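Chemist: Now for the letters of each chain:
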Amino acid sequence: MAKITYIEHNGKSHTVEVKNDLTVMEGAVENNIPGIDADCGGACACATCHVYIDPEWFDKIPEIESAEEDMLDVAFEPNKFSRLGCQITVSDDLDGLVVKMPSKQA
Amino acid sequence: MIKTDVLVIGAGPVGVFVVQQLGLVGLKAEVVDNLDKIGGQCIELYPDKPIYDIPALPVCTGESLTNNLLEQIKPFKTNFHLNERVQGISKEGNNWKIETSGKKIFISPNIIIAAGVGSFEPRKFSVQNAEKFEKHGVLYSVKDKNIFKNKKVCIFGGGDSALDWAIELSKFADVTLLHRRNEFRGAEHSATVARQLEKEGKLKIKTPFQLESIEGDKEVSSITIKGEEEKIEKLETDYVLGFFGLIMKLGPIVDWGLNLDNKTIPVNTENFQTNKEGIFAIGDICSYPGKLKLILSGFHEGALAARACFKLARPNEKYRFEFTTTSKTLQGRLGVKK
Numbered sequence: 001m002a003k004i005t006y007i008e009h010n011g012k013s014h015t016v017e018v019k020n021d022l023t024v025m026e027g028a029v030e031n032n033i034p035g036i037d038a039d040c041g042g043a044c045a046c047a048t049c050h051v052y053i054d055p056e057w058f059d060k061i062p063e064i065e066s067a068e069e070d071m072l073d074v075a076f077e078p079n080k081f082s083r084l085g086c087q088i089t090v091s092d093d094l095d096g097l098v099v100k101m102p103s104k105q106a
Numbered sequence: 001m002i003k004t005d006v007l008v009i010g011a012g013p014v015g016v017f018v019v020q021q022l023g024l025v026g027l028k029a030e031v032v033d034n035l036d037k038i039g040g041q042c043i044e045l046y047p048d049k050p051i052y053d054i055p056a057l058p059v060c061t062g063e064s065l066t067n068n069l070l071e072q073i074k075p076f077k078t079n080f081h082l083n084e085r086v087q088g089i090s091k092e093g094n095n096w097k098i099e100t101s102g103k104k105i106f107i108s109p110n111i112i113i114a115a116g117v118g119s120f121e122p123r124k125f126s127v128q129n130a131e132k133f134e135k136h137g138v139l140y141s142v143k144d145k146n147i148f149k150n151k152k153v154c155i156f157g158g159g160d161s162a163l164d165w166a167i168e169l170s171k172f173a174d175v176t177l178l179h180r181r182n183e184f185r186g187a188e189h190s191a192t193v194a195r196q197l198e199k200e201g202k203l204k205i206k207t208p209f210q211l212e213s214i215e216g217d218k219e220v221s222s223i224t225i226k227g228e229e230e231k232i233e234k235l236e237t238d239y240v241l242g243f244f245g246l247i248m249k250l251g252p253i254v255d256w257g258l259n260l261d262n263k264t265i266p267v268n269t270e271n272f273q274t275n276k277e278g279i280f281a282i283g284d285i286c287s288y289p290g291k292l293k294l295i296l297s298g299f300h301e302g303a304l305a306a307r308a309c310f311k312l313a314r315p316n317e318k319y320r321f322e323f324t325t326t327s328k329t330l331q332g333r334l335g336v337k338k
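These protein sequences, in sequence, are chains A and B.
Counting with my numbering, you get residues 1 to 106 for the letters of the first sequence.
Counting with my numbering, you get residues 1 to 338 for the letters of the second sequence.
For reference, chain B alone in the conformation it holds in the complex:
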């Protein structure tokens, strides 16, 4: 069981920056994220894309923004609990008790939801029985590549994951790469390598094709694919891998009794509290009149929520507004006091 002043849900830019704001007011935070790395959408969706509207940073990438934010919260030595999704919450006295998918338990008077549009989950095949074959040949990620040794593997997708795995697995498996159009959107170099492997007979590429159905008893034994002009083909295969990127889902948060408005959580703009005391929502996930889904708005929202968290975490202390330029207390917390 981990006791803290604030549990932050979501390690995107807003979730990371609020740790700094909480640290400055003297509060300790723990951060939980469903992804395996820090950065949220910035890292998962656009690590290399330039961002031009972060104040005082004329241009940065999703990756450099994340690294800079991590640098900024270094003084506060924060624990990040990655690969963990929050599940249920319950009220225990003045605290919230939060349980995660990895069975961690947090006790905290405050929860800040900075979960963007929700937690990332793989997009899945749309065919009817794909779900039935999950874990029986249908996969959306590779945990142990050795299971594919000398097996027939069909890989669907046109991005880097599909290309990279097709190239890697083709070294020791019978791989067919399938995509809905002829162009791959992954790195040009990877696409060239894949085409070269195709020429050498080490990898089969079938485009434009989409999955039509999956056949098999318990385990996948074959798939039917559909190409141009309704052309149907059947391929024998042991595994079907789909790499269609990630989709964001709100997940168990929808069952917490929070007011919801079309996948967002309404808050008041005084302290970004939801309809439940001690539960705040900041960043893309919160909504209020005039809400802008910009990173810079999330920073502001976090600054205000952090002050509200102070009141609940330190009910007997008075919050004092201070500047980092002049306050010895703040400089001490930042570790820069001379």
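Pulled out of the complex, with its shape left as it was, chain A reads as follows:
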């Protein structure tokens, strides 16, 4: 279980508890947090669950794989803290994670 804070582009913050083994994307979708579309359902095939990881946390999450890096090419306004929420699996280690959503997903 991890407490994750999702911050919408307009600044509105949502802190929810997400069960282990769900993804950061699923944590948002299950809690009806706006700003994450997840069109493809978590298959790393659409880049609509794009989030900016809080810089403090960026190095603490498992490293990005090439398929995700490729998908980020088509994300909306990616930066060096960009990840896809569907590719980050929640564990106790991520307790306190903070992610921000872009102004839109595509």
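I should point out that these hints are in silico values taken from the structure, not numbers from a laboratory.
Remember, it's a predicted structure, so these values are computed and weren't measured experimentally.
Hints should not be assumed to be uniformly reliable.
Stated by the list, open to error - Heads up, incomplete: computed chain B residues facing chain A, CB under 8 Å, no partners named:
(1) V117
(2) K132
(3) G158
Stated by the list, open to error - If we take Cβ atoms under 7 Å as the criterion, some of the chain A residues that face chain B in the derived model are:
(4) I7
(5) D39
(6) G41
(7) D70
(8) D73
(9) F76
(10) E77
(11) G96
To be verified - Straight line, CA to CA, 20 Å or less: simulated SDA-like cross-link-like pairs of lysine to any residue:
(12) A/K80 with B/E228
(13) B/K263 with A/N31
(14) B/K291 with A/N31
Glycine is no exception: its CB is placed at the ideal position from the N, C-alpha and C atoms.
Based on these hints, arrange chain B on the given structure of chain A.
Modeler: Below, chain B without anything else, positioned relative to chain A:
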């Protein structure tokens, strides 16, 4: 005006297979798709990627699945209306009247929406005024490459489209290829060719750079780009091309008065009808408790929707359940009756 028993929206695997199911029950279908080819996501997103969960096909690619499905519907000689997006619908008696972007009009008692996550549209530049310059130098596809002759062209993207066009246009235009990171995800061979052209001075490559702003009066005259450590550069250019792949949008379907649930269309699982009689939704676009976004689920959904279409298209006939193994009628429709 085209009269048919069923209008199928979407030529992905589910839209193509439902044509077979409709054909077996004796219904004629017409298929409309916004893309320029048949296959939907299978062709557009992963033509070469292996799929392992199609029943009785241990492994196939998006392309081979599409080709096999087309082979399977051959007996039904179906018209595909590609590069056409459905626009408005209206009710005319017992029929729906459907108009497309290409001004085609269909009259049909049934509509099956098999539109995946919507129609494909190019992903666009995120900078504020990019829209203003669309058709004035900002482009997301190439229709006539001759317009670039001896012009300055900036191409953004890291996939095959960006690489292929950079290579092609560099033969007769002053091309700069820009990408947000140093690695290109397109074919390795294309990336090698591009790097070679760069060495020969025939193509400029700037990475990692992203578009910061577009300048110009009516037409694009220059762009500002941002690189590592906020490094800003200005490039003079006549054209800005963006190749960021395609995004799926529901499009005009949202205005049809259908119930919607977060980009999906709720249906009942008895016949996959929406809240409107004669409009069905199958495949990734439909939702119901337990819905799985798998191709195989879409096949099942289509089989049931096809039977429901029969009732509306042939109100005075009785539907008879039959097997292709034994039914002379079905074998006749398949063109295999001895």
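Chemist: Would you mind marking each hint as holding or not holding in the structure?
Modeler: Consistency of the hints with the structure:
Below 8 Å, beta-carbon pairs count as interface contacts, and B/V117 has one with chain A at about 5 Å; its hint therefore holds. At its closest, the beta carbon of B/K132 sits 18 Å from a beta carbon of chain A; the interface hint therefore is violated under the 8 Å criterion. Taking 8 Å as the C-beta contact cut-off toward chain A, the hint placing B/G158 at the interface holds, the least distance being around 5 Å. Annotation: A/I7 was flagged as interfacial toward chain B, and the flag is violated, the nearest CB pair being 19 Å apart, outside 7 Å.
Annotation: A/D39 was flagged as interfacial toward chain B, and the flag holds, the nearest CB pair being 5 Å apart, inside 7 Å. Interface hint status for A/G41: upheld, as the beta-carbon distance to the closest one in chain B is roughly 5 Å, under 7 Å. A hinted interface residue such as A/D70 counts as satisfied when its beta carbon comes closer than 7 Å to some beta carbon of chain B; here the least separation is about 4 Å, so the hint holds. Hint status for A/D73: holds, given a least beta-carbon distance of 5 Å to chain B, under 7 Å.
For the restraint placing A/F76 at the interface with chain B, the shortest Cβ-Cβ distance is roughly 6 Å, inside the 7 Å limit, so the hint holds. Taking 7 Å as the C-beta cut-off, the interface hint given for A/E77 holds, the closest approach to chain B being about 5 Å. Interface restraint check: A/G96 against chain B, minimum CB-CB distance 28 Å, threshold 7 Å, status violated. Straight-line distance between C-alpha atoms of A/K80 and B/E228 comes to about 10 Å, which keeps the hinted pair within the 20 Å bound.
Between B/K263 and A/N31, the direct Cα distance comes to roughly 17 Å. Compliance with the 20 Å bound is thereby established for this hinted pair. This hinted pair checks out: B/K291 and A/N31 have alpha carbons roughly 19 Å apart, not beyond 20 Å.
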